[in-house]
Structure formats: C-alpha cells, structure tokens
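K.L.:
Protein chains in written order, with my numbering: chain A, 1 to 88; chain B, 1 to 143.
By construction, these hints were calculated from the structure, which means they are not laboratory data.
In this text the structure is predicted, and so the values were computed from the model without any measurement.
Just to be clear, a hint being listed does not mean it is correct.
[To be verified] Just the calculated beta-carbon pair ranges, DEER-fashion:
#1 Asp75/A - Leu10/B: 53 to 59 Å
#2 Gly49/A - Ala134/B: 43 to 49 Å
#3 Gln74/A - Leu10/B: 53 to 59 Å
#4 His25/A - Arg119/B: 22 to 28 Å
The beta carbon of each residue, even a glycine, is placed where N, CA and C say it ideally should be.
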Amino acid sequence: MNDDELAHERSILESGFLKSGLSYHELWWRQLCVGGDASSLELEAYLLGLLKLSPYQHDLIAQALNEHFLDLGQDHPVAYTDLPNNPF
Amino acid sequence: MTGDDRWGELSRQAVSHGVHSSLSLPLPTAAALNFYGAGVGAYAAARPRALASLVARTVSILLTEGPGRLEDLGPNRIQEMMAARSLIHRAQGMMMERDGTDATTAYHRLAIRSAEESRSLADIARQVLSKSTASTDDRDVSA
Numbered sequence: 001m002n003d004d005e006l007a008h009e010r011s012i013l014e015s016g017f018l019k020s021g022l023s024y025h026e027l028w029w030r031q032l033c034v035g036g037d038a039s040s041l042e043l044e045a046y047l048l049g050l051l052k053l054s055p056y057q058h059d060l061i062a063q064a065l066n067e068h069f070l071d072l073g074q075d076h077p078v079a080y081t082d083l084p085n086n087p088f
Numbered sequence: 001m002t003g004d005d006r007w008g009e010l011s012r013q014a015v016s017h018g019v020h021s022s023l024s025l026p027l028p029t030a031a032a033l034n035f036y037g038a039g040v041g042a043y044a045a046a047r048p049r050a051l052a053s054l055v056a057r058t059v060s061i062l063l064t065e066g067p068g069r070l071e072d073l074g075p076n077r078i079q080e081m082m083a084a085r086s087l088i089h090r091a092q093g094m095m096m097e098r099d100g101t102d103a104t105t106a107y108h109r110l111a112i113r114s115a116e117e118s119r120s121l122a123d124i125a126r127q128v129l130s131k132s133t134a135s136t137d138d139r140d141v142s143a
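The following block holds chain A by itself, in its conformation from the complex (with noise of 0.2 Å):
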C-alpha cells in the first residue's frame, strides 16, 4: 500500500472519529480494549495527518470505532485496510 493510498485511509478513518463523537482519549481507550497498542499521543497524532501507523494499526483503530457504532446499534461503518477480499 503506498502513501497515497495510506493518506486516503487515514482520511475515511478521520472521518469515522469525527462521526463517532468519541474523543481521543475514548478512543485510545477503544482501542487498548481490542488489543491495539498505539499511545494516546500516536493515535492523536495518526487522526490528525502527523504520524504513519502500519495498516494493521490502523485496522486496530477502525475495529475500536466500529465496536463503538456496534454499541449504537449500527453497523462496520469505518474499513479497514489490507484485509485479503476485504467484504467491505
């Protein structure tokens, strides 16, 4: 995956954290709780365009968000990223 291709994900993944009405810490938190690693500070900066994550990070993320609409009752909307025939 190259960085345009990195930079549009990052985009769509933006988009879903300023739909989901989490803050970052909410989110950073999210994510720990479906084994991701990344810092607060990390996540942050990723959201924001000023850090590359691996895609499996950002997979990590986009799960913590979607996990978040599951809880609301809707579906994955957030995809994830170099998923081998990715459905989504």
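Keeping the supplied structure of chain A fixed, place chain B upon it in accordance with the hints.
P.N.:
Just chain B now, with coordinates in the frame of chain A:
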C-alpha cells in the same frame, strides 16, 4: 528456581513457599513485572512467555500514559480491558498455531467475522477459543 543458583537464599525461600518458576519482564519506568508460577518451568514454553509479554506490554502502555490518563479509569475498566485483550490475543495465538498464519492475518479473520456477525471482537475471540477447546476435548475423548 533451583536451576538458577545466582539468587541463593531468595530461590530457597521461594521454593519453600511453593514458587518454582518466575519470569521477570522489564518495564520502561525502571521497574519490572514479575510472574511467579507453582510449577517447575511454568514459563519455559513459548506461549506462556508470549502471553506474559503481552501483559507486560499492556502495563507498559498504561504506565507510560501517566496518571493523568488513568485517573478517570477505575480498576473495573482496566480489568475489562485486560480481559478483552487477553481473549483476543489468545484467539490470535490459537489461530496462528492452527492455521499457520501470522498475527495480522489472524486478526483480520477475527475482524471480518466481527463485521459479518455484528459482534464485538472479544465475543468472536471467546467463541473461537471455546470451539477450539471443544474440539480438543473431542479428540481427547476419541483417543
């Protein structure tokens, strides 16, 4: 414990209290996270060591975030987080061993099921582990 003679009296005291294994993992704040086991060689195998490392990694994250980040998190929330991470990592490890895949692929498979079934990743991980245990039990019965 008795296999390492560097700790002298400490080892003897530990054994006398039923502690026969220990694993110490460094943390980033001039501290260490120590695990103690009742069995001999409890941390010799790869999986217990890997799980202990994951726990240490989680503790490291919490410590490096500092008290300001943790003050609004009660012990219950931290315990819930640790439990969910443990489930997910154990399911990942089981799938890696069973399917010969890497951690990323195993995670993606769990994530796909989570999306398809509209359930949390921890729920899917719990189901994967439960099916794995049932399958092992079946093999034990038929053996």
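K.L.:
Could you check the structure against the hints above and give me the numbers of any it violates, in ascending order?
P.N.:
No numbers; nothing is violated.
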